[in-house]
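Model the full assembly from the supplied sequences, consistent with the hints where possible.
All the letters of the sequence shown, read from the start, carry residue numbers 656 to 713 under this note's numbering.
Calculated from the structure, these hints are not laboratory results.
On a predicted model such as this, the values are computed, not experimentally measured, just so you know.
Every residue gets a Cβ at the ideal spot worked out from N, C-alpha and C, and that includes glycine.
One or more of the hints may lead you astray.
[Unchecked claim] Pairwise CB distance ranges, derived in the manner of DEER restraints:
hint : residue 1 : residue 2 : range
1    : Q685      : V662      : 18 to 26 Å
2    : A691      : A659      : 15 to 23 Å
3    : E658      : P695      : 17 to 25 Å
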Amino acid sequence: MLEAPAVDALAREARELGVSKSALVQWLIQNIPRDAQGMPTGWAESHHNNEELPIDTP
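Quick look at the structure:
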């Protein structure tokens, strides 16, 4: 499940591109820039502990 701001941003981007949200998500996943370890670029810097979940979600 996505948080409301992410859903809104996804819907806005898809609408502006004239595609479905599903098509946009599929394209994004297929075109994620990856580092030498195969991780999405920037992931390690913004996710220091993969086992922790954000607690600021309502």
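Now the hints, each set against the structure:
{"no.": "1", "hint": "Q685 with V662: 18 to 26 Å", "verdict": "20 Å, holds"}
{"no.": "2", "hint": "A691 with A659: 15 to 23 Å", "verdict": "35 Å, violated"}
{"no.": "3", "hint": "E658 with P695: 17 to 25 Å", "verdict": "18 Å, holds"}
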